[in-house]
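> One-letter residues, chain by chain:
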Amino acid sequence: MTPTIAVRNLWKVFGPRPDRVVGSPLADLPRAELRARTGCLAAVRDVSFEVARNEVFVVMGLSGSGKSTLVRCLTRLIEPTSGEIEIDGEAVRAMSAKRLRDLRRHRVAMVFQHFGLLPHRSVLDNAAYGLEIQGVSRADRYRKAAEVLELVGLTGHEQQLPEELSGGMQQRVGLARALATDPEVLLFDEPFSALDPLIRRDMQAEVRRLHAEVGKTMVFITHDLAEALTLGDRIAVLRDGELVQVGTPEELVGAPADGYVEDFVRDVPRADVLTLRWIMRPAVDGEEYEDTPLPQDTVIRDAVPRVLRAARPILVTDGDQRVGVVDAERLLPALLGHRRQVPA
Amino acid sequence: MTAVLAKPAPPRERNGRNPRGPWSRRKEPLTRRTVMGLSVVATVVAYLIFRTAAAADAPDAAAFRLFGDVRDWVDDNRDTHPLFLYGINYLRLGVRVLVEGIQAGLTGLGLPGLVAVAGAVAFVLGGWRPALLAVAGFLGFGFLGLWPESVDTLALTLTAVLLAVLIGVPIGVLAARVGWFGAALRPVLDVMQILPTFAYLAPMTLLFLIGSPAAVVATLIYAVPVTIRITELGIAGVAPSAVEAATAQGSTARQLLTKVRLPMARPTLVLAVNQTIMMALSMVVVTALIDAPGLGVNILRALERVNVGAAFDAGLAIVLMAIVLDRVTTAAARRQRRDWRLAVPVLAAAALIAALPIPGDLPTVSFAKPVNDLTGWLELHWYDGTEWLKNTVSAVLLNPLENLLVTTPWWLFVLAVLVFGLLLAGWRAAVVAALAAAGLSGLGLYQHAMQTLATVLVATALTMLIGIAAGVLCARNDRLAAVARPVLDAAQTMPSFVYLLPAVALFGASRFTAIVAAVIFAVPPVVRLVERGIRDVPPTVVEAALSAGSTPGQLLWKVQLPMARGGLLLAANQGIVMVLAMVVVGGLVGAGALGYDVVAGFSQREDFGRGLSAGFAIVLLGVLLDRLTQGFNRTKGPSR
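Protein chains in written order, with my numbering: chain F, 1 to 344; chain E, 1 to 640.
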């Protein structure tokens with residue numbers, strides 16, 4: 001099956017004559033040196049990844065790592081310097097202006113960090129904007145907009161102006177606006193980082209719920225690891241424009257690709273993310289086990305009561321096959337491990 | 001900002017860290033000061049050696065003859081040359097049709113009709129408060145017995161504003177969206193905005209003769225830079241996040257403009273219209289000089305006879321018009337959403353009133369007699385005081401300065417402008433200013449230009465003195481600021497002509513009258529800029545200075561004023577440009593020099609060349625003063 005989004009060797013270089021950088025020895029220079037030598041900034045460097053249908057793909061990185069540039073390159077809000085982008089197998093960089101506009105109107109929608117709402121339009125008109133510019137009749141677009149506003153829980157606020165709403169509610173309008181055109185792909189550019197922590201958690205739950213209900217392909221940009229871990233089917237870690245690691249949350253936490261990722265995930269409660277696969281040991285001949293085995297993709301925390309209560313080690317299975325054994329000795333380090341050492 | 005406060009470290013300590021090498025920074029202030037001192041000494045010595053006997057400007061300088069010949073050529077070819085036949089004459093005709101159409105429309109409504117329509121429009125745009133104001137103001141024209149004149153002025157203003165918006169908004173949008181276009185336009189607008197109203201009149205009469213069309217075109221040219229500027233600002237200020245979001249949804253360029261940029265810039269666009277109206281109104285009054293009808297004629301005639309009372313009525317009508325137009329448009333800018341349900345019946349009612357034959361006769365009230373009585377009383381009782389003030393300023397400031405300037409040979413003046421411009425404002429500003437200075441002499445009006453310059457400098461010094469003092473007081477006293485704000489607001493909406501009245505009332509017709517009018521005219525914006533500059537000093541810095549034990553005086557002199565330097569310099573620049581505008585208008589009330597030359601150019605055919613020259617000389621003087629003060633501001637002001 002073709003992936004919904006495929007990105008291959010994508011580069012974005014800002015600055016004078018950016019074309020000369022890619023494919024030349026300059027491309028291998030570290031960021032700072034490149035900047036000093038050419039005045040160019042390589043925001044995205046040779047990035048490749050694929051996103052499958054209905055997957056939630058999170059791109060995580062610190063500010064300045066190029067993640068916002070990357071997501072804007074997908075629909076050419078920022079024109080990439082080189083590389084390939086395909087959406088549903090269609091090359092985005094080869095699209096005419098009109099074709100690109102159709103892509104943005106019908107197939108890919110975006111939610112922005114600073115909402116980007118039109119202050120002079122009511123909530124309803126903001127949600128209906130995408131349909132309006134497509135030429136959808138007033139009655140139809142208001143009906144559809146009212147539907148998506150209901151979906152994000154804004155019924156009753158249709159006639160208010162954006163500035164009359166709280167930040168969280170404004171972002172719900174942004175979400176409704178993106179959903180109104182019924183796109184297959186939703187792009188989120190740090191949508192919740194301008195919100196208070198509690199509201200942020202609500203909104204994350206909202207996104208999870210929406211994903212379960214409408215099942216879109218999502219690319220989600222964030223600098224918040226907890227957010228990445230809760231939302232992402234897979235997470236890509238970006239550093240100085242380069243992909244450091246792409247993997248599932250537990251791959252990131254269990255097997256960080258390098259010290260950078262390791263630093264990132266150090267404080268993550270490992271028992272909440274890792275599954276038994278990461279702590280099981282091989283079976284020892286002659287051992288006796290509990291009667292009921294545990295599947296290997298059980299999250300460690302969920303296995304705690306059973307393992308601690310059991311008198312004997314528990315078998316771990318993958319389907320019908322035995323793949324390992326887990327006991328209290330294997331479990332405890334994973335439960336304690338995320339704590340920083342307190343100096344004596 | 002804190003860098004401004006940092007005292008220069010002792011040179012020894014700085015040597016090692018200086019990226020530009022040990023010499024440049026340590027020596028710079030020293031050399032600069034020395035060069036400055038030497039230049040001053042050299043200028044004084046050169047002046048003492050070369051000073052001249054201040055011969056009057058030649059009555060027929062080459063420039064005058066040239067402009068006279070141009071005028072003759074235009075007169076001869078007005079009906080034959082294709083440029084006029086197919087261009088300018090049609091333009092003139094078109095503008096005339098437009099003005100007369102609007103004027104006929106307004107007159108046709110009749111007094112009750114126009115009052116009703118003005119009230120209804122104000123209601124729809126701004127709500128019931130502006131509507132009441134509009135009704136009261138427009139009725140006021142009737143009560144003052146100045147109905148036809150007011151309609152004429154209103155028609156001219158509306159025509160010019162209509163054209164300015166039609167031309168200025170697209171240009172402003174273009175300037176905001178197309179980088180090179182905006183960059184190319186900016187210096188042109190810069191120059192257009194510093195030109196005093198008078199400078200536009202003479203070239204207009206050359207091309208468009210006198211009367212309403214010439215007045216409208218002159219007003220249009222005077223007002224349109226503001227339209228363009230503010231439109232550009234508004235469009236450029238639209239939140240990029242909203243534009244990006246709309247782009248991401250697949251908006252076309254046209255949809256971005258009509259559905260995102262223009263609506264989001266709407267409050268700024270209304271402000272652009274507001275400012276355009278204010279500029280246009282003040283210019284329309286001045287165009288009475290080139291035979292445009294309206295309230296300006298009344299003021300002009302009254303001023304010629306030094307009849308303050310008669311001018312007062314017309315001045316009051318202009319102020320009423322300015323306030324009504326300003327408040328209605330400001331209210332319109334503030335309004336977010338409009339209630340159209342009420343708007344329709346209100347407009348319908350207004351139309352009905354306009355259609356009914358209601359007699360428009362109002363009892364007239366004139367303030368001419370009481371004002372003249374007051375003026376007479378002032379003349380009688382304050383004569384010693386005003387005369388003393390006038391003579392003291394003339395003797396102590398004006399005469400010595402004027403004497404100094406007119407006896408300086410022109411080349412020394414150019415050289416001094418160049419050298420001091422170089423030292424204070426950077427080479428670019430210095431070269432432009434020096435070229436302008438040389439141009440003054442080239443136009444054959446060096447003496448008159450120096451007289452005007454002396455008046456401008458004295459008036460600016462007084463303006464800054466009063467303005468800074470008042471600005472500091474307002475910045476340090478919230479209650480005073482709250483009282484002063486509406487007064488300053490009102491002062492800034494009034495057309496410049498109006499300011500001549502109190503000056504004439506107190507001081508009769510003289511050079512000093514122009515200075516007083518200029519000071520009254522220019523002080524409000526100066527006060528405002530100074531106050532803002534001081535209030536913009538970060539509170540943390542003030543707190544730090546206070547906690548270090550500064551007295552209020554030390555706080556002002558050592559912290560607030562130095563840090564408000566950017567605002568002060570901007571105030572000086574604004575002040576000097578406004579003062580120039582007013583001093584030139586003062587030519588009407590005895591200030592003589594360039595202003596008088598321009599006015600004489602309109603009235604006497606043989607003086608046309610001289611008048612046009614004077615117009616250009618005013619332009620050059622404006623450029624010179626603006627470049628010097630603004631260049632100073634740019635090179636030395638703190639970067640914000």
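Keep in mind that the hints were calculated from the coordinates and are not lab data.
Careful, some of the hints might be misleading.
To be verified - The calculated lysine-lysine pairs, modelled on DSS-like cross-linking and capped at a C-alpha distance of 25 Å, are:
1) F:144 / E:259
2) F:98 / E:558
3) F:144 / F:216
Said to hold, decoys possible - To list a few chain E residues with every Cβ distance to chain F over 12 Å, as calculated:
4) 47
5) 100
6) 221
7) 238
8) 241
9) 244
10) 469
Glycine included, C-beta positions come from ideal geometry on N, C-alpha and C.
> Just pull the numbers of the violated hints for me, sorted ascending.
2, 7, 8, 9
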